[in-house]
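4 protein chains.
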Amino acid sequence: MVKVKDFKWHQGIKVSELVDSLGQVGFQSVELAKAKEVIVKMKKDNAKIFLTFTSNMVTSGLRGFFAQLISYKIPDFLVTTAGSIEEDIMKSIGEEFQIGSFEADDVELHEKGINRVGNLMINTEGYMKFEDWINFHLEKCYLKKKNWAVSELLRELGLFLEDENSILYQAAKNDVPIYCPAITDAGIGFHLYLFQQKHKDFVVDVVKDFGNILLGTSFDDKKGVIALGGSISKHHAILATLLNGGAEYAVYMTTAHKSSGSMSGATTDEAKSWGKVKDESDISTVIGDVTIMFPLAMTAALEELKEEGLID
Amino acid sequence: MVKVKDFKWHQGIKVSELVDSLGQVGFQSVELAKAKEVIVKMKKDNAKIFLTFTSNMVTSGLRGFFAQLISYKIPDFLVTTAGSIEEDIMKSIGEEFQIGSFEADDVELHEKGINRVGNLMINTEGYMKFEDWINFHLEKCYLKKKNWAVSELLRELGLFLEDENSILYQAAKNDVPIYCPAITDAGIGFHLYLFQQKHKDFVVDVVKDFGNILLGTSFDDKKGVIALGGSISKHHAILATLLNGGAEYAVYMTTAHKSSGSMSGATTDEAKSWGKVKDESDISTVIGDVTIMFPLAMTAALEELKEEGLID
Amino acid sequence: MVKVKDFKWHQGIKVSELVDSLGQVGFQSVELAKAKEVIVKMKKDNAKIFLTFTSNMVTSGLRGFFAQLISYKIPDFLVTTAGSIEEDIMKSIGEEFQIGSFEADDVELHEKGINRVGNLMINTEGYMKFEDWINFHLEKCYLKKKNWAVSELLRELGLFLEDENSILYQAAKNDVPIYCPAITDAGIGFHLYLFQQKHKDFVVDVVKDFGNILLGTSFDDKKGVIALGGSISKHHAILATLLNGGAEYAVYMTTAHKSSGSMSGATTDEAKSWGKVKDESDISTVIGDVTIMFPLAMTAALEELKEEGLID
Amino acid sequence: MVKVKDFKWHQGIKVSELVDSLGQVGFQSVELAKAKEVIVKMKKDNAKIFLTFTSNMVTSGLRGFFAQLISYKIPDFLVTTAGSIEEDIMKSIGEEFQIGSFEADDVELHEKGINRVGNLMINTEGYMKFEDWINFHLEKCYLKKKNWAVSELLRELGLFLEDENSILYQAAKNDVPIYCPAITDAGIGFHLYLFQQKHKDFVVDVVKDFGNILLGTSFDDKKGVIALGGSISKHHAILATLLNGGAEYAVYMTTAHKSSGSMSGATTDEAKSWGKVKDESDISTVIGDVTIMFPLAMTAALEELKEEGLID
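Heads up: the sequence lines are chains L, C, Z and V, in that order.
For the first sequence, numbering that gives the first Met the number 0 assigns the number 0 to the initial residue and increments by one for each residue that follows.
For the second sequence, numbering that gives the first Met the number 0 assigns the number 0 to the initial residue and increments by one for each residue that follows.
For the third sequence, numbering that gives the first Met the number 0 assigns the number 0 to the initial residue and increments by one for each residue that follows.
For the fourth sequence, numbering that gives the first Met the number 0 assigns the number 0 to the initial residue and increments by one for each residue that follows.
Incorrect hints may appear among the rest.
Pairs count within a copy or across copies, as identical chains cannot be separated in the list.
[What the hints assert, rightly or not] Okay, derived cross-link-like pairs now, DMTMM-like style, lysine to aspartate or glutamate, Cα gap no bigger than 25 Å in a straight line: (1) K221 x D44; (2) K40 x E306; (3) K13 x E36; (4) K197 x D311; (5) K144 x D200; (6) K2 x E94; (7) K145 x D200; (8) K144 x D44; (9) K40 x E102; (10) K111 x D174; (11) K172 x E161; (12) K33 x D104; (13) K47 x E36; (14) K33 x E16; (15) K2 x E161; (16) K2 x E110; (17) K7 x E130; (18) K172 x D19; (19) K72 x E155.
Calculated directly from the structure, the hints in this document are not laboratory data.
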């Protein structure tokens with residue numbers, strides 16, 4: 000067994016050194032250090048990596064970090080929810096979100112046309128700009144073909160954005176598919192519906208996309224999952240790996256606990272019972288806010304990958 | 000302001016009496032009592048009620064309770080995830096789930112073909128029986144037509160079940176639509192995909208269903224949301240009410256906290272900033288495990304509704 | 000293994016029936032039903048029962064319920080924090096607490112002389128009335144003797160209250176010792192300090208009280224712990240049972256999770272590694288708000304104990 | 000309002016740069032960056048700083064970090080629980096703790112004489128070595144005088160340890176008092192009790208120590224609180240500052256949420272209603288595991304303090 004070792008600070012300590020030290024501190028710090036280690040391992044082992052996240056992370060400043068990771072070719076696949084798509088586009092077409100307070104007066108915000116996501120604020124007008132953009136570009140897509148798997152459509156939309164900080168753009172540019180099994184669950188769903196009313200033969204095909212995520216990896220590929228937050232993003236990625244024999248590597252970061260039996264709180268251990276991760280796999284479940292845990296573990300991992308020449 | 004009042008037990012105390020007393024105890028008990036009250040109010044006010052839940056609740060013994068509530072015509076619409084559909088069908092065709100432990104040995108379970116959801120256990124064979132059933136009945140549906148909105152397909156499947164304890168059956172029988180914006184995110188997605196491979200013109204249309212949920216209510220209807228757990232089920236229902244002017248009544252029950260900015264932890268207050276619930280609305284956010292909170296609040300609400308002759 | 004069974008409501012369902020049904024529902028409901036069962040068992044087995052709680056529960060309307068349980072001779076020992084002592088006395092001398100909101104404007108409250116504990120409100124003046132009362136009665140105690148073990152002092156103070164709803168009074172009347180290992184950690188600590196300044200030979204002896212809690216039970220006694228919330232109240236009771244060979248029965252109710260290694264979140268399983276509870280013991284850890292979980296489980300337990308003639 | 004800004008990694012990013020960037024990311028990362036800022040501010044402003052922590056943090060490798068911070072004269076006062084005292088001494092006299100698993104088999108651990116605290120493991124023998132040490136040194140203290148305020152006794156014991164990594168030793172050496180309002184709530188309580196049985200005039204005076212913590216600061220001093228975890232450690236420090244007019248600066252780090260009204264989950268906002276922190280104060284409440292949050296925020300703060308020549 001590893002011994003507990005006192006953490007000691009020194010001026011100039013590197014992030015990876017800090018994270019490695021935390022590995023001998025205790026409680027969640029042990030899991031965090033392990034998360035960094037598993038991420039490094041899955042990359043070194045050339046595993047196909049699924050990165051999943053929920054839309055509130057795209058509301059936050061993790062959005063550009065995800066784009067950066069895609070540009071470094073860390074993930075091979077993304078899985079997320081419809082809100083992420085919407086807000087990535089909104090940011091790319093110039094909308095800026097604000098930092099406010101969890102305790103804001105919501106009636107007052109509503110009067111001002113400000114929508115709250117935790118301590119982040121989105122202006123209602125941003126959704127109008129989005130509406131114009133999406134309608135214009137859906138028309139362009141429709142001219143190309145009528146039946147779109149979700150990931151195909153997102154790739155096409157991403158190419159229009161031409162923004163290095165955009166998840167959709169970087170994903171399109173680097174051939175990283177974005178799976179979004181509940182594409183209608185945001186304002187974009189409303190726009191797709193209105194668009195379909197005008198173009199009755201327009202089909203957004205979620206079933207076809209299930210084939211795409213399934214065939215993206217095989218039983219023979221090493222597979223890794225980095226699931227940030229819960230929701231269907233997390234579930235969909237581990238379902239895809241399950242059907243291909245399970246993942247070798249899994250890192251879950253979440254604020255949810257296992258006590259309520261939810262997917263959000265389901266641990267990497269529970270995943271073993273399903274064959275979602277392999278019994279001998281390298282796994283870590285970190286309980287904590289993703290906006291801190293992920294930049295910290297990932298920065299440490301990038302430092303190490305960079306030193307070993309594994310990213311440019 | 001209401002005063003704190005000591006809770007006192009007496010033999011024969013009714014559930015509604017217990018819950019009402021909790022309204023003067025403090026902390027979450029106040030929210031629970033309010034949840035009961037808001038549920039009673041939305042029913043008395045003839046609000047159109049969205050009941051949303053996640054699949055782990057269908058894994059649990061809440062499943063038959065949801066079916067019972069549908070038979071009492073409490074909800075007008077259901078919103079849930081694909082796992083709920085799958086497990087409701089599995090239970091209706093004879094599969095039995097077991098109660099185990101959160102701390103079970105997952106490698107051992109996997110060897111035995113047992114899949115764990117928190118402290119509940121599902122046999123792998125159950126999924127095979129489901130496969131046979133779903134393939135057989137998809138064929139029947141396909142013979143009727145090729146393009147199905149999700150809720151139409153679920154209604155058709157529900158009618159085949161003929162099980163009073165089934166959510167799908169009761170919903171079909173009582174004309175309560177089930178919306179499932181991520182229908183492919185479970186084993187059923189795999190079967191739909193294989194089915195589509197055989198029948199290229201088979202379309203499961205999620206966009207069309209967005210229109211259905213949207214047109215299910217109008218600006219003029221009073222609207223209520225009972226959101227159990229988080230996920231897209233919760234989000235989809237409040238999105239639908241938002242687009243129709245917001246809900247008058249909202250009860251959220253969840254173990255998630257607002258501190259991470261997730262949808263699961265978003266409060267009924269936050270919803271006001273979006274216009275998801277109206278400013279003057281009756282709202283309650285109960286932090287706690289739904290398997291206890293919901294039967295408790297709902298039993299108290301049913302007692303009162305029954306006494307007033309509002310359910311049969 | 001026990002099977003999952005659908006919960007079904009019927010008019011007139013008793014609380015114990017509801018709780019027993021929850022035992023087959025899943026997730027925390029299973030633990031709640033077990034908690035009720037373990038409480039009934041420890042009572043039937045004549046175990047010496049430690050009931051522990053934190054001061055916020057005395058702020059809430061659980062206070063009179065605890066008093067009622069003492070009058071029914073359910074607990075043999077209480078362990079709590081200094082705030083509980085203070086607030087029980089405040090309520091007995093006429094102070095009333097209010098129910099407000101978790102989101103109240105705290106600067107405004109401070110200006111009005113209102114102190115917030117979650118969604119409960121305490122007027123600053125109540126602390127002044129308490130000051131008068133405690134000083135007057137400390138003088139009376141001091142006349143009797145100079146060196147007081149904490150539990151002796153609390154017994155003496157309790158007798159002065161003559162309020163059936165008071166924890167201190169019921170405990171004193173029914174010879175149930177109240178252990179409070181951090182007696183100075185509230186306003187009462189300040190008053191004790193000022194009192195000692197005037198009476199230099201006045202000693203509040205915490206070490207002597209350790210002997211009292213230790214000798215309150217023996218290795219031969221069956222022992223049970225009902226720990227509500229965490230903190231030193233919980234720890235002190237299980238430490239006392241540990242030193243006497245461990246408890247046979249333990250019920251923990253808490254909102255804390257084990258992931259941070261805190262005492263508040265420590266489970267009944269973890270307690271086994273220490274010998275705090277015996278290996279073969281009956282245990283339950285319920286994750287949830289005590290203001291709901293405890294009245295619910297305890298009401299169900301009381302119903303059963305009453306039916307079996309085990310309480311008057 | 001501050002804008003959300005995408006976090007971007009670059010090789011060689013400093014910890015303080017990472018933490019500052021997180022200030023524009025969202026959710027808890029905003030609070031973390033603020034925590035770092037408030038800590039730097041309170042130090043620059045020469046506030047008297049209370050650092051509070053619970054014993055599980057001393058079980059972890061934060062123990063030597065706390066000792067290091069004392070050696071840098073960051074805190075002026077410590078407040079903690081009895082377990083911290085015990086485990087700091089155990090580590091100083093050679094005991095080593097191990098890192099294990101939250102899911103360990105507790106019956107097996109008990110058989111092996113291993114006690115679990117979350118994912119950390121303590122050998123039972125360590126407690127025997129502690130017993131010898133404490134008895135020997137209590138005798139030495141007793142020869143000096145009979146009546147000890149807790150903080151005086153801890154200072155005396157600390158001087159015996161002569162271990163740079165020891166909290167007690169560094170505190171004694173640097174004249175930083177350690178307040179421990181529940182000194183009997185650990186094995187040390189048992190040893191104090193046995194010692195008092197042999198020496199009837201031996202008194203551990205908690206009331207006198209209340210005067211010490213109270214007189215340690217005045218209304219005129221600027222005051223800051225860094226409360227790690229909850230429990231009486233947190234409460235005692237803020238009570239002490241409250242009685243002296245409230246703190247100007249407060250940082251709370253905890254995994255507890257405010258929803259249950261517990262002290263552990265009480266926020267810096269709630270503290271304003273009590274006058275525990277001043278209305279205009281600089282405050283931050285970070286929800287998260289202290290073993291990650293504190294080293295991260297504090298490392299960033301130390302970097303800045305060092306650069307400005309405020310620590311050696």
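Earlier hints that do not hold, by number: Those not satisfied are hints 4, 8, 10, 17 and 18.
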